[in-house]
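S.K.: Chains as they are written, first to last, in the UniProt record's numbering: chain D, 1 to 336; chain U, 1 to 336.
If you're looking for bench data, these hints aren't it; they were derived computationally from the structure. Don't take each hint at face value.
With a Cα cut of at most 20 Å, we get these calculated DMTMM-like pairs of lysine to aspartate or glutamate [to be verified]:
no. : chain 1 : residue 1 : chain 2 : residue 2
1   : D       : LYS234    : D       : GLU142
2   : U       : LYS329    : U       : ASP312
3   : D       : LYS37     : D       : GLU142
4   : D       : LYS264    : U       : ASP276
5   : D       : LYS11     : D       : ASP253
6   : D       : LYS234    : U       : GLU251
7   : U       : LYS202    : D       : ASP253
8   : U       : LYS249    : D       : ASP226
9   : D       : LYS264    : U       : ASP53
10  : U       : LYS264    : D       : ASP136
11  : U       : LYS264    : D       : ASP253
12  : U       : LYS264    : D       : ASP276
13  : U       : LYS234    : D       : GLU59
14  : U       : LYS234    : D       : ASP136
15  : U       : LYS202    : D       : ASP226
16  : D       : LYS249    : U       : ASP226
17  : U       : LYS264    : D       : ASP53
18  : U       : LYS2      : U       : GLU97
19  : D       : LYS234    : U       : ASP276
20  : U       : LYS141    : U       : GLU287
21  : D       : LYS264    : U       : GLU251
22  : U       : LYS286    : U       : ASP110
23  : U       : LYS264    : D       : GLU59
24  : U       : LYS234    : D       : ASP53
25  : D       : LYS264    : U       : ASP136
26  : D       : LYS264    : U       : GLU250
27  : U       : LYS234    : D       : GLU287
28  : U       : LYS202    : U       : ASP177
29  : U       : LYS264    : D       : GLU250
30  : D       : LYS234    : U       : ASP53
31  : U       : LYS11     : U       : GLU65
32  : D       : LYS264    : U       : ASP253
33  : D       : LYS202    : U       : GLU77
34  : D       : LYS202    : U       : GLU59
35  : D       : LYS234    : U       : ASP136
36  : U       : LYS2      : U       : ASP18
37  : U       : LYS264    : D       : GLU251
38  : D       : LYS264    : U       : GLU287
Here is how the chains run, residue by residue.
Protein chains: 2
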Amino acid sequence: MKQILLAKRPKGMPGQDDFTFQETEVPSIGEGEVLVKTLYLSVDPYMRGRMVDAKSYVEPYKLNEVISGGVVGEVAESQFSGLEKGDIVVGMLGWQEYSAVQGKHVRKIDPEVAPVTTSLGVLGMPGLTAYFGLLDIGEPKEGETVVVSGAAGAVGSIVGQIAKIKGARVVGIAGSDEKISYLKEELGFDAAINYKTSDNLKKELAEVCPDGVDVYFENVGGEISDAVFYHLNKFARVPVCGAISAYNKEERDIGPRIQTTLIKSSALMKGFVVGDYSSRFGEASKELGKWVREGKLKYEETIQEGFENIPDAFLGLFKGENIGKQLVKVAEPEGK
Amino acid sequence: MKQILLAKRPKGMPGQDDFTFQETEVPSIGEGEVLVKTLYLSVDPYMRGRMVDAKSYVEPYKLNEVISGGVVGEVAESQFSGLEKGDIVVGMLGWQEYSAVQGKHVRKIDPEVAPVTTSLGVLGMPGLTAYFGLLDIGEPKEGETVVVSGAAGAVGSIVGQIAKIKGARVVGIAGSDEKISYLKEELGFDAAINYKTSDNLKKELAEVCPDGVDVYFENVGGEISDAVFYHLNKFARVPVCGAISAYNKEERDIGPRIQTTLIKSSALMKGFVVGDYSSRFGEASKELGKWVREGKLKYEETIQEGFENIPDAFLGLFKGENIGKQLVKVAEPEGK
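Work out the full structure, taking the sequences as your base and the hints as a guide.
M.R.: Laid out in structure tokens, this is it:
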């Protein structure tokens with residue numbers, strides 16, 4: 001079977017040569033373990049942070065070891081009483097075709113309830129991230145203006161829709177006309193700005209946010225966010241989920257310091273990672289599932305095919321190639 | 001009588017020529033008004049912000065009008081039933097020797113309870129600012145590490161002491177050896193760093209904060225704060241009260257963007273102004289007064305004498321000349 005190791009720690013924008021493909025034996029399993037055949041792999045911007053050897057909220061990937069992330073797979077063999085061959089599971093597994101794992105470290109999913117890929121997207125980590133960041137930190141109120149950057153991405157697209165469900169006016173910032181149409185026409189955003197073709201983002205924001213910005217859901221950082229910060233209303237809230245523009249910078253990420261902005265508007269900014277809310281995942285999953293069933297929460301997936309294209313799909317995240325959740329399809333399930 | 005007007009909007013560090021001294025008639029009062037003779041005037045860093053013509057949390061000062069701020073004065077004449085000649089009052093009044101004001105817009109203070117100047121310091125706006133910023137946003141817990149910048153100033157010195165009352169370990173950052181001694185020997189700070197003589201503030205902070213930083217009370221901004229941000233613990237809180245290092249910058253205040261720092265530590269940053277908490281001033285004043293009476297909360301005042309020295313005292317704030325509250329004494333009370 002094939003697996004992908006971290007060959008070196010990327011400097012700046014990662015490239016293919018930061019990854020090593022390797023052939024190895026399919027592992028054998030012991031008592032309490034299952035062998036999982038990888039069906040879909042999730043690639044996510046936060047993985048860039050784990051490629052750096054620095055203190056952060058998750059352990060850095062080790063050099064010359066298999067990279068890991070969210071995986072949907074099929075149980076190929078089981079020595080765990082709760083799972084049998086053919087079951088579909090989700091968990092944090094390696095970038096490899098098969099993984100041996102403790103049965104209790106994966107979660108069985110029911111393909112009848114929703115497409116299995118949703119457990120890596122709207123009903124998985126990105127959905128939970130959007131839910132808690134927006135509702136717990138952003139706390140949008142009816143009639144308020146919510147701006148979200150990275151708006152067509154896996155997290156941003158859900159943030160905007162939850163904000164709509166809560167009665168807010170929603171403005172998205174994204175990087176292509178296709179994404180802008182998607183946000184406005186498919187997801188019902190009230191306005192959306194293509195930052196790549198905008199001459200003056202600060203001014204365009206003023207036009208589409210005539211009442212200022214009450215919540216800014218931060219996915220991108222950099223100059224886009226600098227522009228949004230001009231428009232924060234008194235007591236604005238800024239959930240800080242990501243800063244994708246900074247992840248591949250070799251130099252420090254320099255810009256206007258935020259302190260005076262926060263003082264002027266008595267604004268709150270709070271970083272978070274989804275794991276901060278692990279005790280409340282049940283509540284959120286129930287709510288997200290309900291909204292999906294009711295048709296209030298739509299989702300899109302960009303699926304690249306083939307194990308060999310995993311690095312490419314990952315690198316595409318930083319070029320803004322995906323709409324919604326970026327996945328890689330590795331294999332078809334074999335069934336029970 | 002004399003008064004001081006804003007002559008022009010300062011560019012960069014303000015100077016004497018930004019102020020105009022003017023002689024005028026002592027105003028006469030109407031029904032419901034009192035004539036207040038200025039005894040003590042407060043000069044505060046936030047006033048720099050009001051000298052700029054920009055949207056902020058307070059109205060900018062108008063050009064060629066009298067500058068205003070906190071004043072302790074004596075009622076010289078009264079046509080307001082709640083006040084009589086000789087009463088001592090505090091309020092937002094002009095930089096002038098006498099002010100005519102609605103009696104309901106000043107608050108009578110009892111000189112028997114505490115020195116009247118405390119109503120501009122520990123029992124006034126700076127004390128309330130420290131109280132709400134630290135307790136409501138910072139929420140220090142017993143055994144946690146609280147770092148405060150501008151630590152020897154009117155707000156910072158109270159922040160550190162309240163943090164000690166709450167059982168935290170307190171580290172101050174200030175700009176002279178005299179201030180450092182004051183913080184450690186008079187106020188009982190656990191450690192204090194003179195940023196002006198520090199070769200490597202980031203490293204010195206690591207030494208005096210072996211368990212990291214749980215609360216950073218922000219008064220100064222700039223590179224001092226950049227250094228503190230390296231040490232934020234998971235779920236750290238940063239009340240943003242001031243950024244005095246930025247107030248006189250002619251160019252934009254540029255530095256490392258904060259987003260990735262906040263994500264890594266799931267940290268919270270919140271700007272505030274004391275007015276956000278006006279409905280709770282009563283509760284805080286009671287608590288602050290109790291701590292002062294119990295000797296748990298000490299305060300220092302730097303008092304410059306003479307009306308003509310008001311601009312000088314104000315400018316001194318940006319040179320770090322004051323320990324504790326900077327006041328200007330304008331006149332002695334005449335008594336009833």
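S.K.: Hint by hint, say whether it matches the structure.
M.R.: Going down the list of hints, with the structure as the test:
no.	hint	result
1	D/LYS234 with D/GLU142	holds (16 Å)
2	U/LYS329 with U/ASP312	holds (13 Å)
3	D/LYS37 with D/GLU142	violated (45 Å)
4	D/LYS264 with U/ASP276	holds (12 Å)
5	D/LYS11 with D/ASP253	holds (14 Å)
6	D/LYS234 with U/GLU251	violated (25 Å)
7	U/LYS202 with D/ASP253	holds (18 Å)
8	U/LYS249 with D/ASP226	holds (18 Å)
9	D/LYS264 with U/ASP53	holds (13 Å)
10	U/LYS264 with D/ASP136	holds (18 Å)
11	U/LYS264 with D/ASP253	holds (15 Å)
12	U/LYS264 with D/ASP276	holds (12 Å)
13	U/LYS234 with D/GLU59	holds (14 Å)
14	U/LYS234 with D/ASP136	holds (17 Å)
15	U/LYS202 with D/ASP226	violated (26 Å)
16	D/LYS249 with U/ASP226	holds (18 Å)
17	U/LYS264 with D/ASP53	holds (13 Å)
18	U/LYS2 with U/GLU97	holds (6 Å)
19	D/LYS234 with U/ASP276	holds (10 Å)
20	U/LYS141 with U/GLU287	holds (18 Å)
21	D/LYS264 with U/GLU251	holds (18 Å)
22	U/LYS286 with U/ASP110	holds (14 Å)
23	U/LYS264 with D/GLU59	holds (11 Å)
24	U/LYS234 with D/ASP53	holds (18 Å)
25	D/LYS264 with U/ASP136	holds (18 Å)
26	D/LYS264 with U/GLU250	holds (18 Å)
27	U/LYS234 with D/GLU287	violated (28 Å)
28	U/LYS202 with U/ASP177	holds (19 Å)
29	U/LYS264 with D/GLU250	holds (18 Å)
30	D/LYS234 with U/ASP53	holds (18 Å)
31	U/LYS11 with U/GLU65	holds (18 Å)
32	D/LYS264 with U/ASP253	holds (15 Å)
33	D/LYS202 with U/GLU77	violated (52 Å)
34	D/LYS202 with U/GLU59	violated (23 Å)
35	D/LYS234 with U/ASP136	holds (17 Å)
36	U/LYS2 with U/ASP18	holds (16 Å)
37	U/LYS264 with D/GLU251	holds (18 Å)
38	D/LYS264 with U/GLU287	violated (27 Å)
In this structure, the earlier hints numbered 3, 6, 15, 27, 33, 34, 38 are contradicted, and the remaining ones agree with it.
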